[in-house]
Amino acid sequence: MNWLVAAPILIPMATAALTGLAWRSVPLQRALTLAGMTALLLAAIALLLQVQHGRILVMQMGGWAAPFGITLVADMLTAIMVLVSALMALAVAVYSLGDIDPVRARTGFHPVFCALMVGVGGAFVTGDLFNMYVWFEVMLIGSFVLLALGGRKEQLDGAIKYACLNLVATAALLLAVALLYGVTGTLNMAELALRVRMVPNQGIVTTIAVLFIVAFGMKAAVFPLFFWLPAAYHTPAVAVQAIFAGLLTKVGVYALLRTFTLIFTGDTGWTHGGILMWIAGLTMLAGVLGSLAVRDLRRAWSWQVVAHIGYMIMGLALYTPLAVAGVVFYLVHDIVVKTNLFLGAGVVRRLGGSADYAGLGGLFKAAPLLAVLLFVPMASLAGFPPLSGFWSKLVLVQAGLEQQSWAIVAVALVTGLLTMALVGRVWAEVVWKPHPDGDIAGTAALPAGQRLALVAPLVLLSGITVAIGLYAQPVMDLSSRAAADLLSPEPYIRAILGEPPPPPVLVGELP
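1481 is the number of the first residue of the sequence shown in my numbering; add one for each residue after it.
Heads up, a few of these hints could be off.
[To be verified] Pairwise CB distance ranges (calculated):
{"id": "1", "residue 1": "F1864", "residue 2": "L1501", "range": "42 to 50 Å"}
{"id": "2", "residue 1": "T1686", "residue 2": "A1515", "range": "44 to 52 Å"}
{"id": "3", "residue 1": "K1913", "residue 2": "W1758", "range": "33 to 41 Å"}
{"id": "4", "residue 1": "S1505", "residue 2": "V1614", "range": "28 to 36 Å"}
{"id": "5", "residue 1": "K1913", "residue 2": "T1686", "range": "51 to 59 Å"}
{"id": "6", "residue 1": "A1515", "residue 2": "L1659", "range": "38 to 46 Å"}
{"id": "7", "residue 1": "D1836", "residue 2": "P1927", "range": "21 to 29 Å"}
{"id": "8", "residue 1": "W1544", "residue 2": "P1704", "range": "18 to 26 Å"}
{"id": "9", "residue 1": "A1947", "residue 2": "L1893", "range": "20 to 28 Å"}
{"id": "10", "residue 1": "R1905", "residue 2": "V1614", "range": "41 to 49 Å"}
{"id": "11", "residue 1": "P1927", "residue 2": "V1852", "range": "36 to 44 Å"}
{"id": "12", "residue 1": "G1749", "residue 2": "L1655", "range": "38 to 46 Å"}
{"id": "13", "residue 1": "G1662", "residue 2": "D1836", "range": "34 to 42 Å"}
{"id": "14", "residue 1": "G1918", "residue 2": "W1758", "range": "34 to 42 Å"}
If you're looking for bench data, these hints aren't it; they were derived computationally from the structure.
Glycine is no exception: its CB is placed at the ideal position from the N, C-alpha and C atoms.
Please build the complete structure, drawing on both the sequences and the hints.
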């Protein structure tokens, strides 16, 4: 079953090619995209089932043994990320049926969307740093096209800002990769984990590690490298906003998590407890304050993407088994919730005619079921028990308290309180107050097919959020196994370089 490792690349790649061939038929493109994303989800489930008992799947491309060939590898963290990303891709593909107009569909939405998922899947399964750079480039090209699709002035402005700043990150990543190759002679991540320890001048390794923080940090939108995100994420179609908010920055977090638990582990006092800890705190504060300073719902959620990246970096900075398990848990929770928030904001704007708080209102009266569906991700974002956001924050806070990292715990709690204030404001403005122009139409006013396409993903993602909250321990068990793999990388290294891995050890229960 090692071929499953390549499925996150091959399935969306084949789907992109088929939708491209069906350029003249929008209905066929839509059907192919739905079929491709469904197949990707099924392959992701099979991949998780294969690795859940400690097995690490490896595929050496072209028959070249590591470290000479291109390695694809899947451990527990990879399988979790592939599964969640495939689920979001399917939800967004369904939503796009009611959101993406025929003009955008005819100008390449479906092939480019699938190509974007090729880059996401490739970044998760690659075992080689240079190929991680390649997959980031694939994502950059696809995301730039999706941002500009439609050609409106604000879209082009956002796309240019996004592309320019991400090209800086790309250049930094390529430079970091070249320097690391210069001092180690390899870019296979398993072999790097061994060779980095043997570099005589560890100061050079630390300097390269900082460069990787800059490169991956810009991709993840951490402080002070986040300004491109609020300037760009609110401009494209809602389906594009949602997949960006759910996945793109999380790929940057994944890259940081992978490299700073496998490769750059020699000077954790400086990289983890120093730089990453400061970045985490400042990212949380900058994001939540930015979200309170804007009145546009999409911009507010964009700033919240930044704020909650800070929580994940906090877990990596603490660098304990519980903290790393908390990062994995938080990734799962945040991908689902952020995708759901942007999809919900799109429906709200369609019904209310505006994305600004002042132009919204009356949602509970017009569409009570939709209001309930929106409450779930907003409450989870704020950390209300027993939803997924409560458990993910609780795990990270407990990890911080165990390490007596009082400052970062205080920042996390303050950020949580300010997020609650934002959620309360949004709820009061959008749901409870009357609409300034009188009553608005509910979802029943939409055509039946469009209503199903727009609301079904909200039902699915809100249900997942509730399920994670009510059955958090199984998710924590998977996160603990992923953390065990990350913090004890010898099985990962042996699986790639030729020896079978031992079974993982769980790192803890939910607090």
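Hints versus structure:
1. F1864 to L1501: 42 to 50 Å: 47 Å, holds
2. T1686 to A1515: 44 to 52 Å: For T1686 and A1515 the Cβ distance comes to about 48 Å; the hint holds.
3. K1913 to W1758: 33 to 41 Å: Since K1913 and W1758 have Cβ atoms about 40 Å apart, the given range 33 to 41 Å holds.
4. S1505 to V1614: 28 to 36 Å: With a Cβ separation near 31 Å, S1505 and V1614 satisfy 28 to 36 Å, so the hint holds.
5. K1913 to T1686: 51 to 59 Å: About 53 Å separates the Cβ atoms of K1913 and T1686, which means 51 to 59 Å holds.
6. A1515 to L1659: 38 to 46 Å: Since the Cβ atoms of A1515 and L1659 sit about 43 Å apart, the hinted range of 38 to 46 Å holds.
7. D1836 to P1927: 21 to 29 Å: With a Cβ separation near 26 Å, D1836 and P1927 satisfy 21 to 29 Å, so the hint holds.
8. W1544 to P1704: 18 to 26 Å: Given about 41 Å between the Cβ atoms, the range is violated.
9. A1947 to L1893: 20 to 28 Å: 26 Å Cβ-Cβ, so the 20 to 28 Å window holds.
10. R1905 to V1614: 41 to 49 Å: Since R1905 and V1614 have Cβ atoms about 42 Å apart, the given range 41 to 49 Å holds.
11. P1927 to V1852: 36 to 44 Å: 22 Å, violated
12. G1749 to L1655: 38 to 46 Å: Violated: the Cβ-Cβ distance is about 25 Å, outside 38 to 46 Å.
13. G1662 to D1836: 34 to 42 Å: 51 Å, violated
14. G1918 to W1758: 34 to 42 Å: For G1918 and W1758 the Cβ distance comes to about 50 Å; the hint is violated.
In this structure, the hints that do not hold are numbers 8, 11, 12, 13 and 14, in rising order.
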